[in-house]
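A.B. asks: Could you put together the complete structure from these sequences and hints?
So for the sequence shown, the numbering used here puts the first residue at 20; every next one is plus one.
Just so you know, these hints were derived from the structure itself, not from any lab.
Derived Cβ-Cβ restraints for the label pairs, each shown as a range: (1) Ala117 <-> Gly143: 24 to 34 Å; (2) Ala98 <-> Ser218: 41 to 51 Å; (3) Val73 <-> Gly220: 43 to 53 Å; (4) Thr144 <-> Val103: 31 to 41 Å.
For every residue, glycine included, the Cβ atom is placed at its ideal position computed from N, Cα and C.
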Amino acid sequence: MTHKTILTILLSVATLLQVAAHPSPSIDPRAAAAVAGAAELAGENEMFFVGQVVPGGPQVTLIGTAESIYKQVLELNPAYDPTVFPEWQEHNPNGVAADLQSANETSEATGALVKRDGLICDVGTRISNPLIGCNEGYVYLRDLNGYCGAPAGWGGCSRVSCSNNCGVRLYNDNSFPIAVWCGNLAGDMAYVINSCMKSVGSLVTTSHGQVFRSYAPGWNTIVSKHNC
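C.D. replies: As structure tokens, then:
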């Protein structure tokens, strides 16, 4: 065994211990154990996903955006339906909003409603007609049965979603990798878009902003325009 291999193993163990010491209170312990390994697999600014894709099945790790991860889930389980998973039901006891048009700040996973420390509108570049352009990303995030992650380090960033020029980024507020229930990020999207909405003329609306979370493990989400 080379010194490089030993160092890699030691770093992975250290990362796992950090995650275990700072788990999200509602995270499935099996998912928490998989977070460190998933963070090692993700590339720069890539989001990792940890969760079940088959009821009663193992935790799987997938890399990509909410859109690409959802498609990978369907490849693994063509009959995938998030509503049949006990953990998804626990996080969404009252169901979910059909789309951004009907969503508001309480449309996120109600099993983990959490305090928001602050909202800053006008962060990044504004999105035109976000209720239309951002809806696709919102639905993908809402329907993922698991946890969306960001790399270690304060400001560690993962690209959560990008479609129709609507981008979502997850920023870590900790020194260790984090995993956030994906439905809570859908809730962040809805909160930013609806709270920062502005009218430009009679036919166009815009929105963009950043929301901060104090709930363990601590994160912030930016919703703004990106080229995609």
